[in-house]
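Sequence order for the protein chains is A and B.
So the first sequence is residues 13 to 420, counted in the numbering used here.
So the second sequence is residues 13 to 420, counted in the numbering used here.
Some hints here could point you the wrong way.
Copies of one chain are not kept apart here, so a pair can be met inside one copy or by any two copies together.
Once the Cα atoms are required to be at most 16 Å apart in a straight line, the calculated EDC-like pairs of lysine to aspartate or glutamate come out as [said to hold, decoys possible]:
#1 Lys228 <-> Glu35
#2 Lys228 <-> Glu38
#3 Lys89 <-> Asp271
No lab work stands behind these hints: they were computed from the structure.
There are 2 protein chains.
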Amino acid sequence: MEHTTEILLQLLIMLAAAKVLAELFERLQQPAVVGEILAGVLIGPSVLGWVEPNEMISLLAEIGVMFLLFNVGLETKPAALLRVGVRATIVAILGVITPFIFGYWLMLAWGAPTIEALFVATAMVATSVGITVRVLGAMGVLDTPTARIILGAAVIDDVLGLIVLAIVSSTAGGTVNYTSIISTAVIAIGFTVVVALYGAPLMRRVLPTIQRLRIKEPMYIVGILIALGLAVVAADIGVSAIIGAFLAGMALAEATEHDHGMHQRTNGVTEFLVPFFLVNVGMQVNLAALTTPATITLAVLITLLAVATKFIGCGVGAWGLGWRRMMQVGVGMAPRGEVGIVVAQLGLTMAVISDSLYGVVIFMAVATTIIAPPFLRPLFANEAAAQSRADILGAGGVGRQKELSQLR
Amino acid sequence: MEHTTEILLQLLIMLAAAKVLAELFERLQQPAVVGEILAGVLIGPSVLGWVEPNEMISLLAEIGVMFLLFNVGLETKPAALLRVGVRATIVAILGVITPFIFGYWLMLAWGAPTIEALFVATAMVATSVGITVRVLGAMGVLDTPTARIILGAAVIDDVLGLIVLAIVSSTAGGTVNYTSIISTAVIAIGFTVVVALYGAPLMRRVLPTIQRLRIKEPMYIVGILIALGLAVVAADIGVSAIIGAFLAGMALAEATEHDHGMHQRTNGVTEFLVPFFLVNVGMQVNLAALTTPATITLAVLITLLAVATKFIGCGVGAWGLGWRRMMQVGVGMAPRGEVGIVVAQLGLTMAVISDSLYGVVIFMAVATTIIAPPFLRPLFANEAAAQSRADILGAGGVGRQKELSQLR
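Input sequences plus hints: build the corresponding full structure.
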């Protein structure tokens, strides 16, 4: 069998497995996302070994999650996100500090060397906005205020995570270069803020030019070009590529508000490729690394601590919004997903964490991603019901506006 | 820069270059397709060297052209294609024999060894349905009878090309295994005919089950699974993967006829990925291989002969439909595109054609692909105008029906 055909077969297996388990989970009233990640664990090297993670799958996964965030960005006007900006910043900061401190402390108590403890703690800082957004999007509650807080906090979390990673990596390298860390931080924050603030007004100005283009679907194509461009810049700076794609979507949100075709098209790519992202996350798990009672204990402890510290840190950050919203935010920020995996991979490449600890961190990243979604459904059940009522009545704007004003 | 980021950057360059040239060509009243292929020649190794062809790009290109054909299949009911079946078969057979004989004769006259002559002749047999379909789709004339003849003939051409390739390859191998060639032919023809005939009725029966699924966009996801599945089977048999995707689309055509969202979603993937297919075709050109006056002469001769023989062979196959339709079919079948490239690559791998002859064949494959589209536009101008009138009046069915009945 030729190489391309072999990859098409892998894609077929991944997509089929993802959707069979998604269907099963939906029937069990559980989030499809969890089924699709477990499909990856199942067909991956851990259990059946039908598909090995590889570069091609990673690329499709990356494009898929980029489109997912681009799509979410398209439905997020900058003003709506800026309105919850202060709150999101507090949530993000507490959600970074809490897991980092407790993770570091646990690893030291476990007897790990300082640098290993620092890396594990950094992996626990990450938040995989992709997973939460996928679950909330499936429930149709992405435009609720709490979802916006989670989204904003996840973006800020990514920038903070980059700064933490820069500090920890340079500590591992031996010499801490403060100038370089500060410049990394300034560039990352500057990029995010500038694009978030000036992207939309700029797009408003160039919109007539785009609409005059003769190519097919000019708005869609230009949108993809901007998303790819900002993704590359973001990744080059050190922020996740998907943050760039999200900012691109947000810049275009106003211009494409009533462009139903644009949303359907990006949705077509998203629905096709996101399963590969989820399966790919699941496939990273290596259960063979978790054989000794000690590693299993550590994996479970770190996972529980990772969930608890994000839940408490971010929940406290949402103080004053009521218990239910605090819990929504706390659970919504818990999945570490691909961001935690990237930190673990970096640690392995830099040879500062061992193979077995790598397995432990990957387990934590995937387990937190599987644990959170089932709790998100009941927590957002009211909002989901209100959303379907609003969809039926065609008058969701008013109540939403009122709810939003309470949060300012 | 990390590896994934580097590839995202390559994709950005490819898409941007494709769309800049597409826009330029549209403004010059020329087909966008040609601009996008030339963008590949420009940024590829031949001229600027910004992007090298690689496996990842090939995969995206393959998925892109698969979705393109899947999309076309969705708009092609099997009955409509079977109605022009006999005609399409004649066009395909004459379109295979003519370029093969004349190509073989030219190479022998040029002094090439028999096996080299056979391989070049085989590469001249190929038809890249993707290119023609893209041009006709952009003009909105895909459901005209001549477009259907081209489509059907291109599918049959692919199967015939496989048989010719099987014979030529085994000749190159030294011993001709007739049993294996016959079984290849029977399987390829059987697969195509069975799926074309029984795909749609089968889908009609399972449609209620698909609609009862709880996963998001069940029809779209099942459609992709079927397309991927048939693509893998087709490729494994030896037919192009895109033929499988096309047959999958055709099987679903009836079930998704009024599912506008489905078409928009597949269209979203197509518009995103097809430019990579076109740019990738252009990037294969290696102008450095065409340095001596002899190779340049040969490249030009083969290209002219390739165009002329398909034009005459297929045109004659459309005898009796009037001059304009004969020319439509003759020009529509001329592009060799990726199918010719695959044959050339196989010849290079089997070491039966030299590096410089490889360059010549690739030049032919790409040049025929660039030459044909500008002629398709004026040839289909009447149909395109009728189509826009019908779109405005919302009553295209009647005239189309009449035109179709004349062809039986």
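How the hints compare with the structure:
1. Taking identical chains as interchangeable, the C-alpha atoms of lysine 228 and glutamate 35 lie at most 16 Å apart only when they sit on different chains, with a minimum of 9 Å there against 36 Å within one chain.
2. In this assembly of identical chains, lysine 228 and glutamate 38 lie within 16 Å of each other by CA distance solely across copies; the values are 10 Å between and 37 Å within a copy.
3. In this assembly of identical chains, lysine 89 and aspartate 271 lie within 16 Å of each other by CA distance solely inside one copy; the values are 15 Å within and 29 Å between copies.
When held up to the earlier numbered hints, the structure conflicts with none and fits them all.
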